Amino acid sequence: MDPAVDAVEDLLTSGRERLDAAFAACRRDASDRGYRRYRYLTRLAYPEDWATERAVFLAHPTGGELPPRFRTIIEWLIEDPFGYRTGFEKQVILVRLRQFTFAREEADLVRTAILGMLARGSRQEFREVRRLARRVDSAPFRRKLRRLARTADAGTAERARLTLGLLERQRQRRWPGGQTRWPQTGSPRG
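Mind the numbering: the sequence shown is residues 552 to 741 in my numbering, read in order.
Accuracy of the hints is not assured; some may be wrong.
Derived Cβ-Cβ restraints for the label pairs, each shown as a range [what the hints assert, rightly or not]:
1. Arg584 / Leu609: 24 to 30 Å
2. Ala705 / Ala654: 34 to 40 Å
3. Arg649 / Arg693: 14 to 20 Å
4. Ala610 / Arg686: 18 to 24 Å
5. Thr663 / Ala705: 18 to 24 Å
Since the hints were made in silico from the structure, they are not lab data. Here the structure is a predicted model, which means the values were calculated and not measured. Note that the Cβ used here is the ideal one computed from N, Cα and C, for glycine as well.
All chains should be modelled from the sequences, with the hints used to inform the complete structure.
Quick look at the structure:
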């Protein structure tokens with residue numbers, strides 16, 4: 552059997568480092584076989600049926616309360632697995648997350664995922680991460696971003712600065728009363 556699959560199956564007894572080794576093995580294989588292996592490892596790492604969880608999450612109506620297994624999706628984003636086609640999956644999930652309203656505890660989980668994704672490296676889903684950051688913006692979150700912008704890693708600092716810049720521009724665009732558009736016409740031009 553595949554050594555990466557064996558590593559995850561041993562996860563139940565040996566711990567977190569085996570899971571990291573399995574995902575690292577999938578990262579190196581940018582093929583359909585590697586992607587199938589990654590999907591299998593994800594299902595082993597997250598005991599719930601990942602495909603079902605993802606489908607339920609994507610089909611859940613937006614604007615209201617979050618899907619029942621929202622935490623599984625966020626834990627997956629916090630884990631931030633990196634492999635063939637995972638960037639696309641993360642983009643789809645991040646776009647969908649922007650359409651929900653979060654309670655304080657849920658917003659904290661999303662902020663944790665965002666900070667982790669900014670610190671891990673340049674990825675194709677960075678644009679969607681920044682957009683999601685606007686939905687969960689808060690003063691403590693900005694302080695953490697400023698702290699992250701002062702780190703020694705130039706890439707992490709740049710991603711944090713770009714995200715912080717987007718949040719600052721969002722604040723400047725608000726009109727009196729907290730609206731983002733002119734009240735009567737919906738447009739700044741009138």
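Hints, verified against the model:
no.: 1; hint: Arg584 / Leu609: 24 to 30 Å; result: 25 Å, holds
no.: 2; hint: Ala705 / Ala654: 34 to 40 Å; result: 35 Å, holds
no.: 3; hint: Arg649 / Arg693: 14 to 20 Å; result: 18 Å, holds
no.: 4; hint: Ala610 / Arg686: 18 to 24 Å; result: 20 Å, holds
no.: 5; hint: Thr663 / Ala705: 18 to 24 Å; result: 23 Å, holds
Comparing the model with each earlier hint shows no violations; every hint is respected.
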